[in-house]
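Protein chains in written order, with this note's numbering: chain D, 1 to 210; chain S, 1001 to 1133.
Careful: at least some of the hints might be erroneous.
[What the hints assert, rightly or not] Dumping the calculated DSS-like pairs for lysine-lysine here, alpha-carbon to alpha-carbon at most 30 Å:
no., chain 1, residue 1, chain 2, residue 2
1, D, Lys120, S, Lys1032
2, D, Lys154, S, Lys1012
3, S, Lys1042, S, Lys1017
Since the hints were derived computationally from the structure, they do not count as laboratory data.
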Amino acid sequence: MLNKIISGGKLEKKVIENIKIHLKILCSATECFKNAITTGNKESTFCVADLEREADSIRRQIISTIHEGAFLPFIRPNICRFVEMVDEAFDILEDAAFEFRYLNNEIYKLIENECAKIAKINSEICELLSIAFDSLLTKGDLKEKNLAIRIYEKQVDDLKFDITEKLRKIDIKNFWDGKIITDFVYYLTNLSDLIEDASDYLYIIEVSLK
Amino acid sequence: MNTKVKEIMNTKLETIKPEATVYDAIEKLVDKRMRSLIVIPKDEKDVYGVITVRDIVFKVVAQHLDPHKIKVEEIASKPVISIDKETELEHLIKLMEKFNIARVFVHEGKEIVGVVSLLDVMSASLIERARRG
Chain D
1 MLNKIISGGK LEKKVIENIK IHLKILCSAT ECFKNAITTG NKESTFCVAD LEREADSIRR
61 QIISTIHEGA FLPFIRPNIC RFVEMVDEAF DILEDAAFEF RYLNNEIYKL IENECAKIAK
121 INSEICELLS IAFDSLLTKG DLKEKNLAIR IYEKQVDDLK FDITEKLRKI DIKNFWDGKI
181 ITDFVYYLTN LSDLIEDASD YLYIIEVSLK
Chain S
1001 MNTKVKEIMN TKLETIKPEA TVYDAIEKLV DKRMRSLIVI PKDEKDVYGV ITVRDIVFKV
1061 VAQHLDPHKI KVEEIASKPV ISIDKETELE HLIKLMEKFN IARVFVHEGK EIVGVVSLLD
1121 VMSASLIERA RRG
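This is chain D alone, in the form it adopts within the complex (with noise of 0.2 Å):
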C-alpha cells in the first residue's frame, strides 16, 4: 500500500528502510529486557540504553528525511507520528530497565512470575508491530496484526490487575521502595498500551491511503 503511494523514490525507500530498522531494533530491546527479567541479572538491562541511543539517532535520520522531501505532504504528519509512538516505546522501556535495577528484591519478589509474564509479551507485541508495518507495505491483512496485538494488550491488562492485587496486600515501609516498584510496574505494563496505539495508527494510515 506504501510501496504504491512512495512510487520507488530514493527518499522513501530509505525511510521505509530505516523505520523497519527502527522496529528491529525495538524488538532486540524488548528482548533484551525479558532476558533480563528472566535471568534476574539487573547489570544486563544496561543493552536497553544502548538500544535506545542507536533507535534515536535513527528516529532523528528518519525525521529529516522526511522533511528533505519523503512522501507526498499530507502523509508526512501520519508517519511522523508513528515514528514518535515508537520512539515512546523506546523511552517507557528505558526507564523500565532504569527502576529494575534499583527494585527492593523481596516485594519484587512476589510480582516476579506477572513481571516476567508481561516482559514476554511485550517482546513478542513488539515483533507483531514490525510485521504489521511490514504488512502495510505488502497489502497484507494488517487488521488481523491489529487484532492480535489488541489481544496481548487484554492480557497485560489482566496481569497488571494481578500484580496491582498484590501490591496492595504488602505495607511498605520505605517511600523509595514503593515509589520504584510503582513506577517500575507502570512503565512495564504501559509499553504494550503504546504499542496498540502504534498499531491503531497504521492501521489509520491504511485506511487514509485508500
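Got chain D; can you put chain S on it based on the hints?
Same frame as chain D, now just chain S:
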C-alpha cells in the same frame, strides 16, 4: 498449530475447601473475577474437583436453593478433567469438543498447575495467524 498447552495456560488458580459453602465460592469467584475454583481433595484418597459458575447457576440458583446451606462438595464435579502441560493445542481442542467443555485444567505430575479456556485457545490461534505474516 504446534503450540503446547503450557504456552497459553493461565496459572492463576484459586482453590476452595469441599466443606465450604456455595456462598463462599460465589464470593471468591466475584472477588477474583474467575469462573471456576479448584476443589481441594478431602484426604489422600480423594481427587481434585471443580466448581464453576455454571454449576452454581444451574444446581443452586435455578433450583431456588440457599447458597449458604449448600456445601461446595455437593455440587462440585469430580474428578476434574485435566491434561498434561506438554499436550498440543490440537489435542486440547478435540478434548473440549468431545466433552463439550469450555475450560480444561492442566496438570504437571499430580498437581494442577493451570487452566486453559476456549477464549485462550481462540486468542492463541489468532496470534499465531497474525505472526505468520
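Each hint, compared with the structure:
In summary, the hint linking D/Lys120 to S/Lys1032 is supported, as the alpha carbons are separated by about 24 Å, within the 30 Å threshold. Between D/Lys154 and S/Lys1012 the CA atoms are separated by roughly 15 Å; this keeps the pair inside 30 Å, and the hint holds. A hinted pair counts as satisfied when its Cα atoms are at most 30 Å apart, and S/Lys1042 with S/Lys1017 qualifies at roughly 8 Å.
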